[in-house]
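Using the sequences and the accompanying hints, generate a full structural model.
Residue numbers (numbering that gives the first Met the number 0), protein chains in the order written: chain F, 0 to 320; chain L, 0 to 320; chain W, 0 to 337; chain G, 0 to 337.
Hints are computed from structural coordinates only; laboratory data are not their basis. For each residue, glycine too, the CB sits at the ideal point set by N, CA and C. A few of these clues could be false.
[Said to hold, decoys possible] Now the in silico label distances, taken between C-beta atoms and shown as ranges:
id : chain 1 : residue 1 : chain 2 : residue 2 : range
1  : L       : A13       : G       : K171      : 22 to 30 Å
2  : F       : D239      : L       : A246      : 50 to 58 Å
3  : W       : I141      : G       : D197      : 57 to 65 Å
4  : G       : M263      : F       : R17       : 32 to 40 Å
5  : W       : D29       : G       : N331      : 55 to 63 Å
6  : L       : D280      : F       : R319      : 21 to 29 Å
7  : G       : E303      : F       : S1        : 49 to 57 Å
8  : L       : K37       : G       : R137      : 26 to 34 Å
9  : W       : D29       : F       : D239      : 53 to 61 Å
10 : F       : S1        : L       : D280      : 24 to 32 Å
11 : L       : E213      : G       : A113      : 53 to 61 Å
12 : F       : R315      : L       : A243      : 24 to 32 Å
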Amino acid sequence: MSITYLDAIREAQAHALRDDPRVFIYGQDVGAFGGAFKATKNLQKEFPGRVFDSPISEDAMIGLAVGAAIEGLRPIVEMQFADFSSVAFNQIVNQAATLFWRTQVPCPITVRLPFGGTSGGGPFHSQTPETIYAHYPGLIVLTPATVEDAYSMLLEAVAIDDPVIFCEHKFLYRHLKAEKLPTEALPIGKARIAREGRDLTVVAYSAMVQDAKEAATELAAEGWEIEVVDLRSVKPLDTDTIIASVARTGKLLAVGEAWPWGGVTAEVISRVTSEGFGLLDAPPQRLNAKDTPVPYHPNLWAAHRPTVRSIAAAARKILRH
Amino acid sequence: MSITYLDAIREAQAHALRDDPRVFIYGQDVGAFGGAFKATKNLQKEFPGRVFDSPISEDAMIGLAVGAAIEGLRPIVEMQFADFSSVAFNQIVNQAATLFWRTQVPCPITVRLPFGGTSGGGPFHSQTPETIYAHYPGLIVLTPATVEDAYSMLLEAVAIDDPVIFCEHKFLYRHLKAEKLPTEALPIGKARIAREGRDLTVVAYSAMVQDAKEAATELAAEGWEIEVVDLRSVKPLDTDTIIASVARTGKLLAVGEAWPWGGVTAEVISRVTSEGFGLLDAPPQRLNAKDTPVPYHPNLWAAHRPTVRSIAAAARKILRH
Amino acid sequence: MLQTVSESRAVGETQRAAYRCMLRARLLDDKFAALYRAGKIHGGVFLGRGQEALSAAIGVHLNKSDVFAPLIRDAAGRLAFGEPIIDAVRTYLGSALGPMRGRDGNVHRGRPQAGYLPMISHLGAMVSVVNGVLFARRLKGISGIVGVACLGEGATSTGAFHEALNQAAVEKLPLVLVIANNQFAYSTPTNRQFACADLADRAAGYGVESHSVDATEFSVCIEKLGAAIARARAGHGPQLVVATLLRLCGHGEHDDAGYIAPEMKNSPLGRDCLKVAEEFLLKKNLADAAQFAVWRSEAIREIEDAVAQAQREPAPDPYEEKWSALASEKLNELREEH
Amino acid sequence: MLQTVSESRAVGETQRAAYRCMLRARLLDDKFAALYRAGKIHGGVFLGRGQEALSAAIGVHLNKSDVFAPLIRDAAGRLAFGEPIIDAVRTYLGSALGPMRGRDGNVHRGRPQAGYLPMISHLGAMVSVVNGVLFARRLKGISGIVGVACLGEGATSTGAFHEALNQAAVEKLPLVLVIANNQFAYSTPTNRQFACADLADRAAGYGVESHSVDATEFSVCIEKLGAAIARARAGHGPQLVVATLLRLCGHGEHDDAGYIAPEMKNSPLGRDCLKVAEEFLLKKNLADAAQFAVWRSEAIREIEDAVAQAQREPAPDPYEEKWSALASEKLNELREEH
Ligand SMILES: Cc1ncc(C[n+]2csc(CCOP(=O)(O)OP(=O)(O)O)c2C)c(N)n1
Ligand SMILES: Cc1ncc(C[n+]2csc(CCOP(=O)(O)OP(=O)(O)O)c2C)c(N)n1
Ligand SMILES: [Mg+2]
Ligand SMILES: [Mg+2]
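Below you can see the structure in the form of structure tokens.
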């Protein structure tokens, strides 16, 4: 039997519903239909009265979740696509994210965002909004890159007392497979060395971890040993693990699928240079998507975002410095 | 006669209305009342049929502006506070920002955001959302720091064919004064050396430019010559001017009033280290607000954000490196 | 409808209680206005002058186990729901001991664990949060409760209002949404805010029941709010209450409201509900001049004591402040600053 | 109402024109479905099956100078408004020569400079954009035009819908907002979407006129849409049209719509408006079987030619792509990549 990233997300929700009576699921088409991506398949049947179809009202969906969290419940809200969370933006950053700080009452909601690019998705079904949420105080932003992390981090997201933006990559849904679900996991906020190496640190997250690892394999054939750090969580960001890696390699490439201005790669580079300047023996570099909406056509799409090839090329440039 | 930053904003709008029949103003209470901050005082009377009170519908306000822009008009939309643009977020980043790229039809709207902290403003009347807008492709994000720039940059914002997020600092409104309005100005996208120096480059924008200059004066008494770069525009960001300054000073401090994760300071540091690594002879540093909502109480507020004192302290640390 | 003696006595008690909250709210608001003019308050001051009858009429019909999301002009309803005056004063003066501990101020206060939700500024945003509390209570098997969300007529133009009222209707939640149509949203008159004849006409479009009330009429106001809240409590789903009144002050204390036409002020809409209430109680022998004087002086003492106390209390200390927005202790250890 | 001969001839012409758009749309949709199944289309395919009468009824009443913001199920209306089939095909196939040049795809197409607005995906978001175009036209002194925005019943739950309809009402804009209540929003039935008896009940709450129409009834549909559009054009302000029908396909071609009960499919709601239209035209002697066959084969040829042409056309070239989202040339020079 093999388990996909999507299965892992469904299983984590089943697990949370089973173990914790405070958990419920709310979202468009999540009930009998099982969700646009089938991430809640059969959950309404298995857990009657715990999984609810919402109207197309993203603002009110988050508002309802916050109210339920105030009452001590632990709602999981599914946005049909991460892109549509833009209309819930206010309730996420101003209502959910500020509640604990203002009142000392925790706001344990999990907002599941099916995010990231897939071929043919186009400008409004491909976005990677982790940066805008990470910028606002009070939110945890998670970006699992493996089947195991999708499972264990979603379980932890539900258990955490803070609002969590859970970014699940749509490309990984059916693409990634594992043999079984994990029984233990790194804690939230810890990055993971996804591949060891000593010549260059490539920091990546979500789907880009796979691409970075493939680029590392390609470069291994050329004699380079690339270390790949999987951030897992972009906020909090595990600066220690990154800096420890850079201490070994002396070189840094930060890769993200998001747009180039600001964002995870800027934060990574900026932290490493502020706190670990002396460790670097070459200018640290970033590789992001291009500064346009995500294109529909596969040709444009493939050129818009970092790829195994462009990661390898960027890495070579640093290695030859 | 002296002209405030707020006067300059009013005058620029009067100028635009006078010179360009395509310009109109739309926003809550901007008509007879002249706006919450009086930035549109008397404009409805002076320009009948050109200044309109809107309902409290930020999403539809931006939508209407985009539609009018499609028809070739040049709307200026006033948000009552920048903080409330969160409910217009979708129309700004997904409608206005993508229009030209998708259709080749320009979207010349100017969204005026009274932004930034003032004592007693609290979590929802103090925000600095420049980062979230700069992250999305297709938007220009301006942050004038002087009376002259408030005037000339607003005029240019209206003239530009792209949607502009115009961040006007509420603290500067009545605080900054100039003798007269400028007749010439740097082009949009060019940073300005606000003070020359050779020991350290402090990059700042909006209200923080004043604080950085005061910190520079304080440090001058200790024998240090601080160069202050006023970004003026955070997107596009004038990397060349920053790097040229760092080439002279070898040291960099990036200061912002916004939250610490991501944002302008990360982008500045990250660009300088990627493109001008060899110019730095000390680790570049950032100084931002703390990672909580903006506090109401003046004591907390003053500690939440960078101040002359904390800028000077951060500068000293770098200078002594 | 005929009332029994004990019923009519209960109504009288409710009216007296409502009046006292109105009076205390008015005097508290006056005090905040004075403190504002004296430069003792940071940021804005927002008064409920003219809206006290409506606001108190909500509060007196709520139980401790109900849910209340007041807005900027609801000092009376807050007091009626049980907020101690000291909570309001501490919040306006930024005392570290207040419910918001100086982190948030003025009207942005509440105690969510007590069903008393602290507003965020974004208009309309609290309604769906009330829905969430009610939804959760239902999941927990709690019934017989209601949640009241207050909005101004200007806030009905927000998408948040619409999504939340529709959501409540779909879930048939015991939500009472009270719209105070005080004729202005800041300076904006109603004809720039909506084009329907009456905001109560919106109810049918959501499939909810509606109630219209003249909020300058003290006793009618109490009765109608009581009826609306009772309908929701009895399981008839969301209730939309549209109350008509005039804001008898500026939007905030910085605003002289010069845009309100004198004719409007002098119309029946411009009556002061507090005066109307006094006349009513006098006429009904529910209070006399002496009683009013006692209530007034009690309220003034209570307010003055609270102000004196809050002014002696410590301000929040930035050095003791934790500077983290997270509840999860273990994640706080990871947090970085720069 | 009695019609003159020439009036009734004009009505007949409109009906024939509408039918032809419906037929072309149906065949075009069928082609996209086939291309999808053959793996020739990237991303989703969204059909208007069952909605053609409503959509065509809109388009046939619009002039070139009007404004149209169709949604995902409006292939018929788009054609009736004048979209060449090749534009649709190029967009679905990602041709560099299409109106979106491969940057956007499928139903996200339009030509804003021609009053034909390309939808963004966020439901409800286009309505205020139509308002803006109408507002601008009024400022320019242009009158006698209308703007139509299309939505599904699910989209009425968005805040954007509410803000925009209210805005149009306040400005008394010539907006016709057409709600296609096709009983489902993806898989969600109407009872999880709203609780009012009839969405047309919403009109009063905005102060706009409303029209209800059975969108399976070809001729009624054309007549009612004509009336609504004429009212707006004549200056009577926004018109809300609520059309009832059933989606005769999945949400997209990836969806088998197993959640739609057979009883519903077999009810009058489930009638195919294209068949209804054919019967109507036959009965009224507006077309005969031979004519239908000609129209069909003409449409098929047109579609096949367009597909063949688009498939020969260049795909967008990432190396020639400018990779900038800005219109301002001088700012593009400053742009950075990393
Ligand atoms: C979404 C949003 N936009 C703008 C504002 C700024 N604002 C605060 S109060 C107010 C007027 C509110 O009017 P109304 O809802 O009628 O309430 P009232 O002040 O009359 O009680 C405005 C525009 C806000 N708080 N939230
Ligand atoms: C704001 C927003 N939320 C969610 C979606 C995802 N979505 C796309 S179509 C759809 C269903 C729309 O239903 P309806 O409005 O009834 O139109 P129909 O598909 O029936 O024509 C949903 C939920 C979206 N596009 N926009
Ligand atoms: Mg009002
Ligand atoms: Mg539908």
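Do the hints match the structure? See the list:
About 28 Å separates the C-beta atoms of A13 of chain L and K171 of chain G, a value consistent with the hinted range of 22 to 30 Å. Between D239 of chain F and A246 of chain L the Cβ separation comes to about 32 Å, which falls outside the hinted range of 50 to 58 Å. Judged by the Cβ atoms, the range 57 to 65 Å given for I141 of chain W and D197 of chain G is violated: they are separated by roughly 33 Å. For the pair M263 of chain G and R17 of chain F, the beta carbons lie near 34 Å from each other, so the given range of 32 to 40 Å is met.
Checked against the given bound of 55 to 63 Å, the beta carbons of D29 of chain W and N331 of chain G, roughly 59 Å apart, stay inside it. Checking the proposed 21 to 29 Å range against D280 of chain L and R319 of chain F shows it holds: the Cβ atoms sit about 24 Å from each other. Between E303 of chain G and S1 of chain F the C-beta distance comes to about 43 Å, which lies outside the given range of 49 to 57 Å. Here the CB-CB span from K37 of chain L to R137 of chain G is close to 28 Å, well matched to the stated 26 to 34 Å.
Hint check: D29 of chain W to D239 of chain F, Cβ distance near 56 Å, so the stated range 53 to 61 Å holds. Between S1 of chain F and D280 of chain L the beta carbons are some 53 Å apart, a value that contradicts the proposed interval 24 to 32 Å. For the pair E213 of chain L and A113 of chain G, the supplied restraint of 53 to 61 Å holds, since their beta-carbon distance comes to about 55 Å. Roughly 29 Å separates the CB atoms of R315 of chain F and A243 of chain L, a value that falls within the hinted 24 to 32 Å.
Against the hints set out earlier in the document, violations occur for numbers 2, 3, 7, 10.
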